[in-house]
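Student: Chains as they are written, first to last, in the numbering used here: chain Y, 13 to 401; chain Z, 928 to 1220; chain U, 109 to 695.
Don't read these hints as lab results, they were simulated from the structure. All residues carry an ideal CB built from backbone N, CA and C; glycine is no exception. Hints are not guaranteed to be accurate.
Unchecked claim - Computed spacing ranges between beta-carbons, pair by pair: (1) Arg1117(Z) - Asn669(U): 27 to 37 angstroms; (2) Arg1117(Z) - Lys211(Y): 17 to 27 angstroms; (3) Lys1203(Z) - Asp212(U): 28 to 38 angstroms; (4) Pro584(U) - Leu1167(Z): 55 to 65 angstroms; (5) Tyr225(Y) - Asp660(U): 54 to 64 angstroms; (6) Gly665(U) - Asp237(Y): 52 to 62 angstroms.
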Amino acid sequence: MKQVLEGSQAVAEAVRLARVQVVSAYPITPQTHIVETLSDYCATGKMNAKFLRVESEHSCMAALIGAQSAGVRTFTATSGQGLALMHELLHWASGARLPIVMAEVNRALAPGWNIWVDQTDSLAQRDTGWIQFYCEDSQEVIDTTLLAYKLAESVALPVMVVLDAFFLSHTYEPVDVPEQEEADRFLPPYEARFELDPKNPCTFGPLVPPAVYMEMRHDMAAAMDTALANFAQIEDDYERIFGRRYGAVEAIACDDAEIVFVTSGTITSTARLVLQNLRSRGEKLGILKIKLFRPFPVEEIRKALKGAKKIAVIDRNFSFGASGIFAQEVRAALCNAPVHAPVFGYIAGIGGRDVTPEVLEEIYWKTKNSAAPERESVWIGLQEVRHGN
Amino acid sequence: MEIELTEREFMYPGHVGCPGCGAAIAMRFVLKALGEKMIMVMPACCWSVIAGPYPTSTLKIPVIHSAFETGGATASGVRAALDMKGDTETTVVTWAGDGGTFDIGFQALSGAVERNEDFIYVCYDNEAYMNTGIQRSSSTPYGAWTTTTPGKDWKKMRKKNIVEALAAHRIPYAATASISHPEDLIGKVRKAKSIKGSRFLHIFASCPTGWKIPSEMAVKIARMAVQTNIFPLYEVEDGLHYTINLKPKRFPVREYFKIQGRFQHLTDQDLEVIQKMVDEDWELLLRKAGEHA
Amino acid sequence: MAQKSQAQLKAENPIHIMPRSTQSTEANKTGSWRYLRPRYEEKTAPCSAACPAGEDIGKIEMLTAQGLFKEAWETILRENPFPGVCGRVCFHPCEGACNRREFDDPIAIHSLERFLADTAERDDLKPLIERLPSRPEKVAIAGAGPSGLAAAWFLTQLGYACDVFEASAEAGGILRWGIPLYRLPLNALRREIAQIEAQGVRILTGKPVTTDLLTDLKSGYQAIYLACGHGRTTELCIPGESLAGVQDGLAFLSKVRAGDTPACQGTSAIIGGGNTAVDVARSIVRLGGRAVILYRRRRQDMPAFGDEVQMALDEGVELVELVAPAQIESADGRCRVVLRAMKVAGEDGSRARVEPDGDKTSEVIVDRLFKATGAEAAEGWYNPPALASSILTLSHCTLEKKNGGPVKIYGGDVTNDIKSVVHAVASGKQAAMALDMLFREGPDAILPKLDGCTVGNGPSLSMEIYMGGERRLRNPHVVSYSEINADYFRYSPRMSQPRLVREERVRSFAEIDLRVSGNIAMREAERCFNCGLCNQCDNCHLFCPDISVIHDQSAQGRHINYDYCKGCGLCVVECPRNAMTLEEEIR
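Please work from the sequences and hints to get the whole structure.
Tutor: So, in structure tokens, the structure goes:
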């Protein structure tokens, strides 16, 4: 049923439809609406779930690890500092092979308190063994969150569904909300592979010596690879019931593009506008939207970028001492491809600064007018600073 | 001693606790008192290692090892899941050392207790971060040597009073116990089991390795701690009603300190200061229990 | 393509390995860590080593505490046929050695022994006594006093037929003819003598052992045990001793025991400080007379039991200390006794040495005087020979082997330093063992065998050990108080032995000490530490951190699983009664 929803509400709807049994969340702007909506659902019985009002994000993830290990479907949401605080336990959740699903609202990291959109927080967790999806709009948010459970449970790895602060979390859009009966058809009740059970006792997370730890990590690595294949199959299932699919990447007008933007999140929707504009002026621009970031869909990216003459990756994040993270990953994906275009890395929209069509046009012309990237990363829109030290 | 205890063991032999490990004795008693319908949450502590390496475990009950800080939080999650599954019989127990209770785990414990989560939190206290090699915790007593309070830097802060801190939360049940007094300990575990909401047991679990005493003295030293009022046995209900379970003869603390390597450096003056502190704390406890010296 | 089910998806994406344990740790045999090894090892309780009869007192109290009164009684009978007698008249050196005395008060072992005999009497119990197969040798025993009767009891256990020859009309010796009824009632004694006879011993009364009888015995017996005792009072060796009013204390007691009421109106003086003197005095009081004990040393030096002296004084007996009779004169049908004053010249240990205090004298006039300064054998040949080439002198008996003819062995008061009933029993036991070894293996085997049957380091001997019982496995190390873990015991007062009050006591010869109930006895027996013995308290099993003390069906009730025992030693320290030992691990 079509409703006009905030991104936060879309998350909550998906969680309700997935029949999540335990929710634990700690409020942090701009995730608070997710938390409050779910709290309300649990209180009014709209959701049959326990809401654990723990005292920090670290405890949230700990509580979910406990609950999921005891055999129920779980959910949390966080952002920025909260995600950073959870870091230790993100590794734990994946190592414990728990299919936890989390909504992550991209927010800049302090110091300098900054509640606006920045991807560094979620990307800094890219090594933790969580599957990561980046969403462009609220419809994608609700679809991805619901689908995340099926994917997570199929490979026994946790999934992070990432949405931009305010641009998604607090923006109202029309969303086609699935019916419960359809959701149930898509996602049956949770059946744990292993659980804490006095009738069948075992110990989770014991001391693991070097002799076997490597094999356990390899199994996780293999599961990540399987996730990539499973995602396509699961999107088939989703499309069959709900009529929508997204793909690990979406190549827009890449076939004959000379310059291809690589984007993620809401920047993609701005890029679509700029694409229309530039194409109408005869510029051969293409967009490669990356939805699935972990596992990184190397093959599909190589395929989509095969024909490009120049690749411009737009990163709303930065890995200090290196470069924008999507740029890093794209360069790594292409480096062993037989032939590939040069990759230009652009840093834009850091800390919630607007990425307007003008910013994207600037990036287009800079790329077109440079034979090769002048440096690893070009920061767009930096101003001369006169205040402070 | 007259204790009715099941013959059943809930632990296998072959665990890697040090000879004379007080924590192993504590675990054995608590398991026997609680029985098999339980799930144990075990944040990082000596027992994380004692339980044995993959693919083995010395414990016959379901266990989830968890990160150091998370004893209270992980248990909250397990309890929520069991409630959603309609399981009203299984007890959720957190089994943590003093580090995971007094220090790094204090937040999660306080949070869980403030929410009155329905679980039993057992802290077995060996008075330092023993698993990582005898470093000081806020539970380390005044006067003790540890590897991070060596030489003249011996710990000059008092032991944190965790039971008092939790009493301030109006926790339904909090009690101290010692491996040297099994009847009392087991009675308290059984009592805790019958109460709903958050329950806390602070068990004095001596550590021959960390305290530098011969392994065969582990129980005796715990008994001396009780007999000298260094570790009184008492209960607090709803954070308000204090019951002192044992009023020992108040043996002077000197003997207790003299036989432990970790206290060898203390002078007679230091011991006098300590005796005063112990007496003061005991008087305070008596007043809280509505009694006089 | 149809949607896959959850089960299908999971089957296609199995987890091959993850951090999850499903096996036990039993494959890790932590016993390899050990450098000290604990084991169960019972040791010797100080009471049992102090008991001249070597009674297994720690075990007796353990059985009593458990309500196993018959078993406890039988445990006494293995080492001493006279629990009813000793439980009334013994000077209980066991209580002086009791470790509990350093904690609060010693166990009332004496009262408990009597309780067990009383229980056997009340329930008419018949004991189960182990007996070795019959032996061809026959033994004659001269004297049916405590030593002779005990020897008969033990020899019967060892398989020998015994005949006891008693001069008087009834068996018992000092027990029948010396000790007053208010200390040892007749039926208590008769019951225990009957029990000895029930084992097959023949007691022939009215058969004094003369040199003629000895000759007769030579043909039918391979050994003769001479236990004729000290039946003759020693002389005072002062002028006037043979006067009419001067009587023999032992003879007086004998007459009273025979049922006579000898004259004792007026005042009687008793010379002496031992039990005989006190017995005479207290008997006189009960017969209506006034008694004054005249003793050469101080009250605390009197050999008589302290309890008895106190009771005598309570009953109105007077005590004059530090006086020695110098001469006796007749004075109008009465006796005037001149007394030399004595003074303390020094101390030999805790006993005073006295000497005359200058020329000071005093005198008393009494109606009669009783001599009770000591006793000796009535006939010289009752005593073992002083010197002979074929003599073996043991702690409580002397063996003489002559060429041809039966072996002569002497015991009881004639050989013992301390003249008491329980030492007499010790003589009987030692003599029985010595004869048995002599007959089975020859004289050279006696000492080594006896050395192996001591309780602790001796000299007390145990028949149970001699006969190869479990007690032989005990470590002879005597447990001291410092080896007891007193943390496991609470202060609790020793039972008080109920007695007749003073007014009731002096009215008759009725027994002074009264019976106690099973409740009181069990509670008292529970106070016993059971030093060195396992009473199955299970502390070892309770405190083992490694699940290495395993309950089983063995007599010990548990064993140590050495596959896992790390040798921490907690079991040994927490054993309240030192029934375990920690030793070096030998690999």
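Student: If a hint holds in the structure, say so; if it does not, say that too.
Tutor: Against the structure, the hints:
1. Arg1117(Z) - Asn669(U): 27 to 37 angstroms: Holds - the Cβ-Cβ distance for arginine 1117(Z) and asparagine 669(U), about 28 angstroms, lies within 27 to 37 angstroms.
2. Arg1117(Z) - Lys211(Y): 17 to 27 angstroms: Given about 23 angstroms between the Cβ atoms, the range holds.
3. Lys1203(Z) - Asp212(U): 28 to 38 angstroms: Holds, at about 31 angstroms.
4. Pro584(U) - Leu1167(Z): 55 to 65 angstroms: holds, 59 angstroms
5. Tyr225(Y) - Asp660(U): 54 to 64 angstroms: Since the Cβ atoms of tyrosine 225(Y) and aspartate 660(U) sit about 41 angstroms apart, the hinted range of 54 to 64 angstroms is violated.
6. Gly665(U) - Asp237(Y): 52 to 62 angstroms: holds, 60 angstroms
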